[in-house]
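Between the sequences and the hints, there should be enough to build the whole structure, so can you do that?
Everything in the sequence shown is counted per full-length UniProt numbering, starting at 1 for the first residue and increasing by one.
Only true hints are included.
Straight-line C-alpha distance at most 20 Å; calculated EDC-like pairs for lysine to aspartate or glutamate:
#: 1; residue 1: 62; residue 2: 29
#: 2; residue 1: 51; residue 2: 29
#: 3; residue 1: 62; residue 2: 6
Derived CB-CB ranges, DEER-like:
#: 4; residue 1: 62; residue 2: 90; range: 23 to 31 Å
#: 5; residue 1: 122; residue 2: 158; range: 16 to 24 Å
#: 6; residue 1: 142; residue 2: 14; range: 35 to 43 Å
#: 7; residue 1: 91; residue 2: 169; range: 21 to 29 Å
#: 8; residue 1: 17; residue 2: 152; range: 18 to 26 Å
#: 9; residue 1: 22; residue 2: 137; range: 40 to 48 Å
#: 10; residue 1: 61; residue 2: 139; range: 34 to 42 Å
#: 11; residue 1: 174; residue 2: 42; range: 21 to 29 Å
Read the hints as simulated data drawn from the structure, not as lab findings.
Predicted, not measured: the structure shown is a model, and the values here were computed from it.
Where is the CB? At the ideal position from N, CA and C, for every residue including glycine.
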Amino acid sequence: SLIICDRENRRVVRWSRRSGTTQGEILIDNIYCWGLAMDEQRNLYVSDTRKDEVRRYQFGEKNGTLVVGGNGKGAKEGIVVAGGQGQGNALTQLSYPQGLFVDTLGTLYVTDALNHRVMRWTRGEKKQGTVIVGGNGFGAGPNQFYYPVGLSFDRHGNLYVVDSNNHRVQRFSIE
Numbered sequence: 001s002l003i004i005c006d007r008e009n010r011r012v013v014r015w016s017r018r019s020g021t022t023q024g025e026i027l028i029d030n031i032y033c034w035g036l037a038m039d040e041q042r043n044l045y046v047s048d049t050r051k052d053e054v055r056r057y058q059f060g061e062k063n064g065t066l067v068v069g070g071n072g073k074g075a076k077e078g079i080v081v082a083g084g085q086g087q088g089n090a091l092t093q094l095s096y097p098q099g100l101f102v103d104t105l106g107t108l109y110v111t112d113a114l115n116h117r118v119m120r121w122t123r124g125e126k127k128q129g130t131v132i133v134g135g136n137g138f139g140a141g142p143n144q145f146y147y148p149v150g151l152s153f154d155r156h157g158n159l160y161v162v163d164s165n166n167h168r169v170q171r172f173s174i175e
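Here is the structure:
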């Protein structure tokens with residue numbers, strides 16, 4: 001299957017190779033999706049740029065579980081495992097989250113575009129994330145970003161970050 005963020009139509013869509021049709025299946029609607037990732041248990045993690053949050057969805061689920069950001073201070077919806085303090089630049093907040101990645105240990109990585117940083121939440125960490133790269137204001141320095149939008153890891157554990165407004169991709173060796 002191919003799963004995409006159809007941001008302009010505010011939905012997440014899946015196309016099955018087996019169905020033999022060009023019609024996609026809407027998995028999630030009414031979402032300003034920017035990035036998505038899937039873990040080994042086939043949970044889908046989706047960033048919503050309008051709500052400044054990341055939610056985890058099991059297949060067939062429509063609301064998902066809040067895992068980072070969103071819903072303002074003291075959120076009661078879902079199980080908050082990271083974030084949950086609304087938009088901002090504290091270690092418990094995100095501002096326009098875009099790209100995300102979940103590793104095999106369940107660690108969640110998020111590009112926090114308007115804070116010009118990449119954040120990490122380890123499984124079980126409920127209070128705050130860690131800035132692993134960036135977070136030094138916007139700029140073109142080797143330790144800065146200007147609107148990071150995507151990230152990925154290679155098989156050696158190197159982190160690659162798409163630094164949109166600097167028109168570059170940076171590689172980092174992280175612990």
